[in-house]
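Enquirer: Respectively, the protein sequence lines represent chains C and H. FYI, numbering that gives the first Met the number 0 numbers position 74 of the first sequence as 73, with every residue one higher than the one before it. FYI, numbering that gives the first Met the number 0 numbers position 84 of the second sequence as 83, with every residue one higher than the one before it.
None of these hints come from the bench; they were simulated from the model. Incorrect hints may appear among the rest.
Stated by the list, open to error - Which chain C residues face chain H? A few, computed with CB under 10 Å, are given here:
| no. | residue |
| --- | --- |
| 1 | Ser34 |
| 2 | Leu38 |
| 3 | Gln41 |
| 4 | Thr50 |
| 5 | Asn57 |
| 6 | Val63 |
| 7 | Gln72 |
| 8 | Ile84 |
| 9 | Asp117 |
| 10 | Leu164 |
Don't be surprised by glycine CBs; every beta carbon is placed ideally from N, CA and C.
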Amino acid sequence: MVLIIDTTEEKLGKRVVTELKDNKDISYEYIDALSLDILNCQGCNCCWLKTPGQCVINDEFEPVLKKITKARQVWMVTDTKFGFISYKTKNIIDRLIPIITVNLHFVGKQVKHVVRYDNKPDFGIIYLGQGDKDYLSYWCEKCAININGKSLGVYEIEKYKEAVLCM
Amino acid sequence: MHVMIVNGSPRVENLSNTEKIIDAFVTGLSECDATYERYAISKRSSWKKIKEAYMKNTEIIFALPLYAENIPGIMLEFLETLPAKDSNTRLSFILQGGFGEASQLDCGLRFLRNLPKYLGVSYGGTLVKGDNFGIRVVKEEIIKFIIPYVEQGRAFVRENGFKSKRIKKFAGPKYYALPVRIIYQFIFMTYAKKRFAKLAKEWGSSVPIDYKPWE
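Kindly produce the complete structure, drawing on both the sequences and the hints.
Expert: Below is the structure:
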């Protein structure tokens with residue numbers, strides 16, 4: 000399943016959904032994350048040590064996280080600020096901590112946390128505005144490695160059809 | 000020198016590793032006759048006061064933990080609320096993380112180097128150091144983790160900012176050497192695993208560390 004998580008005011012992820020409906024025969028789900036109450040990660044470490052795998056923040060994020068653990072691809076559709084993703088999208092990424100464990104191992108030359116689930120989603124970004132594409136690509140790759148997936152790349156919203164080709 | 004220091008961590012101050020690092024850093028500032036004022040963004044009710052101080056001060060340091068290869072979402076949200084300033088204001092950073100290798104902080108560092116230009120202010124450098132996960136969980140050794148920041152506070156005054164040669168040395172090795180990685184891998188698979196499991200029990204967990212709630 001391809002999961003599209005949209006945090007844009009304009010619901011730009013719906014363009015992706017239309018393209019998928021028209022041109023691809025794949026399973027997908029769309030989440031309008033802006034309509035959900037999703038708070039920032041508080042860094043409590045409970046999802047590692049107190050309630051392993053589960054976040055203790057009582058908001059509307061858990062169903063989103065469940066879908067992420069089942070997805071083959073996760074696409075974030077986001078506004079940009081400071082050349083980077085919006086804080087609304089960053090809050091979602093920060094909240095992915097429960098899908099990795101506190102245990103450690105080496106991936107290449109760097110220490111990483113051991114992932115919790117066998118399913119390892121690949122990760123891509125579709126952005127609106129003045130994003131620093133080089134930096135976003137670099138960041139996307141780093142984040143994908145952390146969840147043991149691959150980066151699907153970073154696309155300006157005008158090029159969303161190119162992103163759909165990867166789905 | 001008068002320095003405004005903002006803790007950019009989402010954790011409440013009494014549980015914040017970054018707060019303890021700031022404690023040590025300002026000790027160094029004081030020893031060199033600098034003055035400081037401290038803030039933390041974890042409580043949104045304090046944001047108005049922090050913004051006013053940001054507009055008033057010209058020597059500002061944000062101290063923060065690395066979250067998902069960059070600054071925490073709450074800090075990004077706070078920064079989006081800041082009005083533009085000019086290059087008379089110098090913005091510096093203390094970036095800290097849990098992993099020991101300096102390369103783990105590269106992605107966050109690259110963002111912080113460019114951030115001041117988006118805010119219209121000048122960049123004063125970033126003090127980078129990892130290996131700080133233990134501040135919270137290995138309480139008996141907390142001094143070992145934070146003491147080095149006292150000297151960095153002194154150096155900030157003495158050298159008028161974070162100078163590249165010093166901060167490079169402070170960050171430690173980019174990667175561990177192969178023999179060190181082999182030893183660590185063995186520790187991760189044995190002692191560290193047991194230690195984390197024990198810690199989880201102390202925190203009240205009744206399931207294994209690698210429990211999969213949705214499988």
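Enquirer: For every hint, state whether the structure bears it out.
Expert: Outcome of the hint check:
no.: 1; hint: Ser34; result: violated (18 Å)
no.: 2; hint: Leu38; result: holds (9 Å)
no.: 3; hint: Gln41; result: holds (5 Å)
no.: 4; hint: Thr50; result: holds (7 Å)
no.: 5; hint: Asn57; result: violated (16 Å)
no.: 6; hint: Val63; result: violated (12 Å)
no.: 7; hint: Gln72; result: violated (18 Å)
no.: 8; hint: Ile84; result: holds (8 Å)
no.: 9; hint: Asp117; result: holds (8 Å)
no.: 10; hint: Leu164; result: violated (26 Å)
Checked against the numbered hints above, the structure violates hints 1, 5, 6, 7, 10; every other hint is satisfied.
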